[in-house]
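J.: Guided by the hints, dock chain U onto chain G, whose structure is given.
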Amino acid sequence: MENIIEISNLTKIYSELKAVDDLSFNVKEGEILGLLGPNGSGKSTTMNCLLSLIKYNEGTIKIFGKKMSPDSYDIKAKIGVVFQDVAVFEELSVYDNIDYFCGLYIKDKKTRAEYVEDAIKLVGLEDYKKFYPKKLSGGLLRRLNIACGIAHKPKLILLDEPTVAVDPQSRNNILDGIKKLRDEGATIIYTTHYMEEVEILCDRVIIIDKGKLLASGTTDELKKLARIEEKITIEVGKVDEKYIDIIKSWDSVEKVSLNANLLVITYSEGKNNLGNIMDYLNKEKIKYNKVYSERPTLNDVFLELTGKELRD
Amino acid sequence: MIDMFIHNFKYAFKTLFRNKPLIFWTYAFPLIMATLFNLAFSDIENKEKLDIINIAIVDNEEFQQNIVFNKAYESLSDEKNEDRLFETKYVTRKEAKKLLNDGEIDGYLELKDGKPVITVVNNGINQTVIKYVAEEVAQAIFNQEEVKIKDISSSNLSYTMIEFYTLIAMTCLYGGILGTYAINMNLANMSSKGKRVSVAPVPKIKVILSSVCASYLVQIIGLMLLFAYTGFVIKVDYGSNLLMIIVLALVGSLAGLTLGVAVSSVFKTSQDSKTGIIIAITMLGCFLSGMMGITLKYYIDKSVPIINKLNPASMITDGYYSLYYYETLDRFKMNIVSLLVFSVIMITISVVSIKRQKYETV
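Quick note, the sequences are listed as chains G and U, same order. Going by my numbering, 285 is the number at position 285 of the first sequence; the sequence numbering is gapless. Going by my numbering, 337 is the number at position 337 of the second sequence; the sequence numbering is gapless.
No lab work stands behind these hints, which were simulated from the structure alone. Because the structure is a prediction, the values reported are computed rather than measured. Ideal Cβ placement from N, Cα and C applies to all residues, glycine included. Please note: incorrect hints may appear among the correct ones.
[What the hints assert, rightly or not] If you only want the chain G side, here are some residues facing chain U, beta carbon under 8 Å, derived:
id	residue
1	25
2	87
3	91
4	95
5	101
6	107
7	110
8	213
9	269
[Unchecked claim] Anything over 10 Å on all C-beta distances counts as not near chain U; from chain G, calculated:
id	residue
10	29
11	74
12	76
13	89
14	104
15	127
16	200
17	283
If we strip away everything but chain G, and leave its shape as in the complex, we get:
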């Protein structure tokens, strides 16, 4: 597939802070690329550089094969952006807000009216067309924010944390909408620090921290980097240290920790880990209550790569 975005050696420095540090990555046509990193990792700065909203110190950015600049109106016409901050006019209704922003891209009134209706339908705001933003809940406002950014049916969509502080119902609606956009042929960059969303949505993920690229690949490829195959958490009673030392000595066990009454065992590989640990606890007559088995998450990958949680 063709590269829609090519970023090479991008560096952005604010005074003494390197917000983006020699960052290079590509985005392929039709994919959803997750840009994952904790707050302040350089995700939004990268987006702003990409859109030529801010100057950058070094590097090149090409979109649709052309160098991006503030006057690249032919490129801008094919891009839709949903910013982290809700950017709508309090004085305009839901319909008028979408129509206004769509009108900056689409001149033909008839086509625009169709596009606006499609966007309203996509984000599920059919019953709120005449409402003013003040009357909308946080979740509905986020949906309006998305509709304003994508109503003109762009080929490339940049979504900067579109689900921050929204209720679960709106979040599901938004995620479904993003999948629909991808199915309709859009290429999407999705920045977030919610790893669950990335796992649900993204074809490929890049992880950045302190402006640097830490890793990139599919979620499965990244999880392999974490050297974790399975994590088992058991609510236990009192456990003698000697049993923990024995569990630690097993070949497939990477790490064992006991915090309060939670025994957490991390496995690097192996099959039937759950059966083996159950058998062992029963054999040693160690009492237990609940048992959870989890596959590794991108948070584990991030923890492995940086030593800190994504939501720090």
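T.: Leaving out everything else, chain U in the frame of chain G:
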């Protein structure tokens, strides 16, 4: 591109017109002030109508030889003249000083090196008239024109009218608040909406221009409301000068609007702070141009004239006063040109500032 201009104009107009704080400052506040002025000054107006002004002229050799000054003051002091302004005493400098100190005259004129020197003790309308007439005669000599000064005692330039003219100046300059909105809603480093506009395939100067035009329309509607309210409800008599008054208000509004655009382009701060800056500039400008008393305008004209030459509020009020003080429109036109030059300077500052901005941060 005209489609885009109209599209943006339509929504900018809707947005501005529905913005309650904005409508308060540009529409409601001037009407409230007009009502208060009417209540406060209507009585004073009846008591303070201009009478013939008592002056003295130092009858030195230079004055006797200056035929234009001699004839002009003779004519303006002639009891048979319908346009009579002055009751004039021709005396020595010593006598003039004594008359002034005794309160028998409002001021005296002395010609020195071909220039009129006015001496007054207090500041007020009479003193302002004495100064303007002397300036006008000197200007006429300089331009080698005939001296034409109107009878201002019958032209009804009362305290109320002075206050209403500063009120119009204030309304014009409050248009600056609209100018700040026009910029803030379109620039990426000013608002999140501006960020969204900045990523659209539209040149920002064109979007800003259409927003500024929408702001101007909103402002003109506000001005028309003020004229309608003062004319029909408060019954302010604008007389035969109404057309000139409206023309000056339109040009003054342009100056106010462009001031707001420049403030907003140069200062990276919140909308509330920008509104505060415009309100502060407007109130200060109107204060210096005589909103709280014409004497201050006269005092500044006399002591630090550069302030009111740069003050758009003063350019507007001075233009209005000139319609009453002068028979010719020269001074009125000069104020119109000054306001246009002021607007062009503000636009230049804004364009340079906006064009230079590719932001370090947004």
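J.: Now, for every hint given, state plainly whether the structure supports it.
T.: Each hint tested on the structure:
no.	hint	in the structure
1	25	violated (20 Å)
2	87	holds (4 Å)
3	91	holds (4 Å)
4	95	violated (12 Å)
5	101	holds (6 Å)
6	107	holds (5 Å)
7	110	violated (13 Å)
8	213	violated (22 Å)
9	269	violated (46 Å)
10	29	holds (20 Å)
11	74	violated (7 Å)
12	76	violated (4 Å)
13	89	violated (5 Å)
14	104	violated (4 Å)
15	127	holds (22 Å)
16	200	holds (27 Å)
17	283	holds (61 Å)
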